[in-house]
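With chain A held as given, fit chain B onto it using these hints.
Protein chains in written order, with the working numbering: chain A, 1 to 354; chain B, 355 to 602.
Please note that a few of the clues may not be correct.
Derived lysine to aspartate or glutamate pairs resembling DMTMM-like cross-links, with alpha carbons at most 20 Å apart [stated by the list, open to error]:
hint	chain 1	residue 1	chain 2	residue 2
1	A	LYS4	A	GLU235
2	A	LYS201	B	GLU391
3	A	LYS294	A	GLU348
4	A	LYS294	A	GLU235
5	A	LYS201	B	GLU387
6	A	LYS43	A	GLU186
7	A	LYS201	B	GLU601
8	A	LYS160	A	GLU249
9	A	LYS201	B	ASP439
Here are some, though not all, of the chain A residues that point toward chain B, as calculated from beta-carbon distances under 8 Å [as the list claims (entries may be wrong)]:
hint	residue
10	GLY48
11	LEU52
12	ASN62
13	ALA67
14	LYS187
15	THR190
16	SER194
17	ASN198
18	SER211
19	ILE212
20	ALA301
Simulated from the structure, these hints should not be mistaken for lab results. In this text, a Cβ means the ideal position worked out from N, Cα and C, and glycines have one as well.
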Amino acid sequence: MGEKLLMKGNEVIAEAAIRAGCRHYFGYPITPQTELMHYMAKKMPKVGGVFLQAESEVSAINMVYGAASTGKRVLTSSSSPGISLKQEGISYASGAQLPAVIVNIMRGGPGLGGIQPSQSDYFQATKGGGHGDYHMIVLAPSSVQELYELTVDAFNLADKYRILTMILGDGILGQMMEVVNFRDEEKIETYDKSWAANGHKNEREHNTITSIHIDPAVLEQWNIGYQKKYQLITESEQRYELYNCDDAEIILVAYGSVARICKGAIKEAAAQGIKLGLIRPITLWPFPVKGIEKIIDIPKAFLTVEMSSGQMLEDVRLAVDGRKPVYFTGRMGGMIPTVKNIMDKVMEIKERHS
Amino acid sequence: MAVVFRPPHALCDVPMHYCPGCTHGIAHRLVAEAIDELGIEGSTVGVSPVGCAYNNYLYFNCDMVQAAHGRAPAVATGIKRSLPDHAVFTYQGDGDLAAIGTAEIVHAAARGENITVIFINNTIYGMTSGQMAPTTLLGQVTTTTPLGRDPKVNGYPIRVCEMLATLQGPVYIERVSLHDIKHIRKAKEAVKKAFKVQLAGKGFSLVEILSTCPTNWGLTPIEALKRIENEMIPHYPLGVFAGADLEV
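Isolated chain A, as found in the complex (with noise of 0.2 Å):
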């Protein structure tokens, strides 16, 4: 048996790194995500790790750059305004096909907005928040266990694709404590990291990492390669839950804390006879198609619920294609949707389809 501790999410979420290898961290402080870079600023000396405070999340990102480009495991941390500084490295490393972790730790926005949980970064995580045709593989984690779990497979995919991946939490996620079930020891998976700038030791040809390729021909042709990398993630890294969605009139669709919500709502729906079903997305990107499809026939409708305007309304939309009705409820600010606010919305489409 591994170890049983009572944490704080963003600590976790360290934790979870320095358990997966990552040696490297290079952040700015910003709420609600600090506790994370306060936990690598103690823990990354004891093990012979690097964490250097940036002195923007630019400057952060671009650290990450540089370090991923020599093949080390790094991370950076953020929250939404940060995270749209980031963009530009982002962007960049990207193209460059460097593999590193980012969490971004939501909170309300457009602009300063509030320091309270939110959702309304998903088209940005989603849907290439930077320049340019390309994704991050997006993890969206809903309790403190699942911080640890998918922060180590975050890593593992980076290096498994080369790519940059997201850890997309909450203010809610992040600030809460809850026990978490540390393994005894981590499956740290290796990649070929033969494309390393690492110094050629007078061993190899110099090895170079760049996103630039003026000839377009020759651009469109990496283009071509990034897509075909996106189409097998696509294909093979789908993840989502089912929960109660036998024979469900409605089937909830939520992410992240506001899945929990949606489970409370779940109980009390029972109690009034009312079956409701829900859908978890774990990949945000790749959206798991393929889990609404599994379920397309079961439900009148599905109401889809956000901590935002509905930004993943529009993907749900996209994979139902038109063969049920898709209805949304959400809060926005940093205001969390109560069961209340769904069963409203319940009641509202189920008078609808009677």
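Chain B only, in chain A's frame:
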């Protein structure tokens, strides 16, 4: 037969894309000669900028990483912190280093990051066709200062060496020029010293190299070299700004 002259091994045997009379080629050669003479090609990682030298990763024979505009010192920091026993250098122009990358260079210097920065100052943006740089001299005509740089509108040219020398982090800062053979030899010594400072683990080193841009200056190569001597050096005096007594 004794070999008396050969290209440095640290430069790839490929054609360069620089304009006739541009001194980037000389600056590249000086860096490559330093790498050769110190025997560090296999343990060096360079960082390419945005600007005319954007693809010098094709020219240097060591491992190279291409960075976003101005971010080279941050990228180099990430590399150096990952490979502390390797030599890490950036090669940046004046738009890259002194405008969009001001934060990155100032903080890499302030941290005393143990990297070497090769800073090319030709008082203009070359690649994007001759716009005003932070180093553009007062009165200098560029495509964005068609009537000449006016301090009331555009402020004053930045002296990077002098500014960074106010910080405690940098160990060695020198400004050199490529306008004649004598100064090229001095520049060579400075570049080599900057790498030696890094290899000795002493900390941040920067060499500013006054360079030409005949194309965007609208001058012949020879006139361009004269402009360095007659117009640039009076504003950008040559010399050591940090580490004058440094022995390496």
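Evaluated hints:
With a C-alpha separation of about 35 Å, the suggested pairing of LYS4 of chain A with GLU235 of chain A is violated against the 20 Å cut-off. Our distance criterion of 20 Å between C-alpha atoms is met by LYS201 of chain A and GLU391 of chain B, whose separation comes to about 16 Å. A threshold of 20 Å between alpha carbons decides the hint, and for LYS294 of chain A with GLU348 of chain A the separation of about 25 Å lies outside it, so the pair is violated. Between LYS294 of chain A and GLU235 of chain A the alpha-carbon distance is near 15 Å, which keeps this suggested pair within the 20 Å criterion.
Among the hinted pairs, LYS201 of chain A with GLU387 of chain B is consistent with the structure: their alpha-carbon atoms are about 17 Å apart, no more than 20 Å. Under the criterion of a C-alpha separation no larger than 20 Å, the hint pairing LYS43 of chain A with GLU186 of chain A is consistent with the structure, at around 18 Å. Pair hint LYS201 of chain A plus GLU601 of chain B does not hold up; C-alpha atoms about 28 Å apart against a cutoff of 20 Å. Of the pairs offered as hints, the one joining LYS160 of chain A and GLU249 of chain A is violated, with about 40 Å between alpha carbons and a cut-off of 20 Å exceeded.
In summary, the hint linking LYS201 of chain A to ASP439 of chain B is supported, as the alpha carbons are separated by about 12 Å, within the 20 Å threshold. Here the hint on GLY48 of chain A is broken, as its CB sits about 11 Å from the closest CB of chain B, past 8 Å. A hinted interface residue such as LEU52 of chain A counts as satisfied when its beta carbon comes closer than 8 Å to some beta carbon of chain B; here the least separation is about 6 Å, so the hint holds. With a cut of 8 Å, the hint placing ASN62 of chain A at the interface with chain B holds, because the nearest CB-to-CB distance is about 4 Å.
Taking 8 Å as the C-beta contact cut-off toward chain B, the hint placing ALA67 of chain A at the interface holds, the least distance being around 4 Å. A least Cβ separation of about 23 Å between LYS187 of chain A and chain B goes past the 8 Å threshold, and the interface hint is therefore violated. For THR190 of chain A, the interface hint is violated, the least distance from its beta-carbon to any beta-carbon of chain B being 17 Å, above 8 Å. Interface restraint check for SER194 of chain A: the shortest CB-CB distance to chain B comes to about 12 Å, outside 8 Å, so the restraint is violated.
The restraint placing ASN198 of chain A at the interface with chain B holds, with a minimum CB-CB distance near 6 Å, inside the 8 Å limit. Taking 8 Å as the C-beta cut-off, the interface hint given for SER211 of chain A holds, the closest approach to chain B being about 7 Å. For the restraint placing ILE212 of chain A at the interface with chain B, the shortest Cβ-Cβ distance is roughly 6 Å, inside the 8 Å limit, so the hint holds. With a least beta-carbon distance of about 46 Å to chain B, the hint placing ALA301 of chain A at the interface is violated under the 8 Å criterion.
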